[in-house]
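K.L.:
Line by line, the protein sequences give chains A and B.
Every letter in the first sequence is one number past the one before it in the working numbering, and letter 35, counting from 1, is 35.
Just remember that the working numbering sits 1000 ahead of the position in the second sequence, which is counted from 1.
Just so you know, these hints were derived from the structure itself, not from any lab.
The structure displayed is predicted, hence computed values, not measured ones.
It cannot be assumed that every hint is accurate.
Said to hold, decoys possible - Derived, one-sided and incomplete: chain B residues facing chain A with beta-carbon distance under 10 angstroms:
no.	residue
1	1089
2	1090
3	1181
4	1259
For every residue, glycine included, the Cβ atom is placed at its ideal position computed from N, Cα and C.
Residue strings, one per chain:
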Amino acid sequence: MPKTPATAILQIARNTSGARIVLDQVTKSYANQPVAAVENFSIAAEPGELIMFVGPSGCGKTTTMKMINRIIEPTSGSISIDGRDVLSLDPHELRRHIGYVIQQIGLFPHMTIAENIAVVPKLLGWTKEKTADRIDELLTTVELDPREFAHRYPKQLSGGQQQRVGVARALAADPPVMLMDEPFGATDPITREKLQAEFLRLQETLGKTIIFVTHDFDEAVRLGDRIAVLSGRSQIEQFDTPANILAAPANDYVASFIGHGAAIKRLTLIPVTEARLGPASESSGGPVTVRATDSLRDALDSLVLTGLGALTVLDFDGVAIGSISMERISAVLGAQVPSAPTGLPPAAADRP
Amino acid sequence: MTAVTSPNASTGYADGVRERFFTPRRFVTPLVVVIVLGVLLFWLSSIQLDSIEKRTLNIDYIVNRTREHLGLTIVASALVAILAIPTGIALSRTKSRVVRALVLGIANIGQATPAIGVIILLAIIWQTGYSTALVALVVYSFLPVLRNTLIGIQQVDENVRESARGMGMTPNQVLRRVELPLAVPVILAGLRTSLVFCVGVATVATFINAGGLGDMIVNGLKLQRYPVLITGAVLVACIALLIDWVASLAEDRLRPRGT
Chain A
1 MPKTPATAIL QIARNTSGAR IVLDQVTKSY ANQPVAAVEN FSIAAEPGEL IMFVGPSGCG
61 KTTTMKMINR IIEPTSGSIS IDGRDVLSLD PHELRRHIGY VIQQIGLFPH MTIAENIAVV
121 PKLLGWTKEK TADRIDELLT TVELDPREFA HRYPKQLSGG QQQRVGVARA LAADPPVMLM
181 DEPFGATDPI TREKLQAEFL RLQETLGKTI IFVTHDFDEA VRLGDRIAVL SGRSQIEQFD
241 TPANILAAPA NDYVASFIGH GAAIKRLTLI PVTEARLGPA SESSGGPVTV RATDSLRDAL
301 DSLVLTGLGA LTVLDFDGVA IGSISMERIS AVLGAQVPSA PTGLPPAAAD RP
Chain B
1001 MTAVTSPNAS TGYADGVRER FFTPRRFVTP LVVVIVLGVL LFWLSSIQLD SIEKRTLNID
1061 YIVNRTREHL GLTIVASALV AILAIPTGIA LSRTKSRVVR ALVLGIANIG QATPAIGVII
1121 LLAIIWQTGY STALVALVVY SFLPVLRNTL IGIQQVDENV RESARGMGMT PNQVLRRVEL
1181 PLAVPVILAG LRTSLVFCVG VATVATFINA GGLGDMIVNG LKLQRYPVLI TGAVLVACIA
1241 LLIDWVASLA EDRLRPRGT
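Extracted from the complex, chain A is given alone in its bound form (with noise of 0.2 angstroms):
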């Protein structure tokens, strides 16, 4: 019986690149409060998969994150990571193999960034050796040289690199796990775009199992798999990936959770390439082109600029594959939108 729990947690850590987290009926409440925290919470997250929890503040996404590690332990229904239940394992180890990353990063700061990443190694007793080489090849991964950067103390540091020295002390054990809780919310927009930017490379290649919070619904767009629109008590709204939920929201709240310009956010998921494109010929040349990797709102965003009535897309070799225009961008929403009755121009369908 004891040895059951601690094999468990041996198996989950073994699968490093992502396991599948399934929430089943998860409840929370507080005694002194009326309403449950969180209800009826269920979802299923695959193996390798980028679930992102969009809500406005207060609605429980925070909450219902922090209690697939037991930060905050439900009141009731079940959690299991890669099968096994998390409620039946004990809690400190379960943490070790579960990345975590919180917004206001939380570095120790009495401790250099190389004992920062060491203490979860440390934790799992690991050999100096094995922790030190991990140590390098995390900071080079977050794009900080270990060299200069391992001996600082994080007061020494930017919030970029704060955040960056988070996320890689996170990843210190290769948890097949990551919990983030708008870990980019505090960096200014050009940080949080570049931040943005390398987790989603890295992302790619470690292929963890992540759930990351936000409120911002554009972020979560940018990087999420699928996306969980969540209300009030942490309830699911919607549940579907960014396309689908921009192309055809489930209803007024999800609607308006996104806001103005659904449009011009699904452009941002599309690349040009998906567009069926002109002669070359239809373009008036000039020096703005279009990319062949370019999303088709980088695209309108060029026409916009240009005033013109089509620019000419070039492929990775710089050779004319092309033409873009308005006409063909609106073509594509329409194309996307599976319920759009056939007649109505592609931008009257867009609407919900």
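Since the structure of chain A is provided, determine the placement of chain B on it from the hints.
P.N.:
Chain B in isolation, oriented as in the chain A frame:
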């Protein structure tokens, strides 16, 4: 992307601490003490001492009184550290506000009651001498260490605590590896206050026959021998200054790096 280095981050922090540790300001206090003692010695050697004064103002007597005084101070402070720091830790762990308020209240009474009252009451109901003086001193200087330990642990950034927990530290590990190291400066500041309190209050030990430099002050006063009175008072003040100075060195040395 390239990591941007902020200008203040380019110097090694640890080296910075070493460099700044012995600045001229550090030596102001010992210098003042040396000058004051020098002036005192000069003054004493320039006046004619009568037989009563000579019995007190000699090296043996002064060294003995000083040793008693320091002994009382240091033992009392050590006892306070041993007792008050664990109590403070325990208080920071308890969720009960009642218990916390109660313990702090009792410690507060210890400090608020005039030390001379405590020491004499204790002597009446218990005994005179060293042990009684020690107990009175501990009671009197308990609060600063207790309160600072509690506050030092409480002031640790909630996010730091949460990330420690989120990484899988047990409550004990959070305390030992995160909370206590970060509370060290505040706890040391409390200990420093206690030490200085003790130096001052140990002078009243003389009333219950527990020795110390209080003997010189009280004798000088009673016998109207001002050189004796002044020497005792100046020595107490110098000890307090020096102890405070040593404690300030310790505070800076033991403060966790990076904070």
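K.L.:
Compare the structure with each hint and give your call.
P.N.:
Verification of the supplied hints:
Evaluation of the residue 1089(B) hint against chain A yields a violated restraint, the C-beta minimum of about 18 angstroms exceeding 10 angstroms. For residue 1090(B), the interface hint is violated, since its Cβ never comes within 10 angstroms of a Cβ in chain A; the closest pair sits about 21 angstroms apart. Restraint check, residue 1181(B) versus chain A: the minimum CB separation of about 5 angstroms is within 10 angstroms; hint holds. Of the supplied interface hints, the one on residue 1259(B) holds, with its beta-carbon coming within about 5 angstroms of a beta-carbon of chain A, less than 10 angstroms.
When the structure is compared with the earlier hints, violations turn up for hints 1, 2 and for no others.
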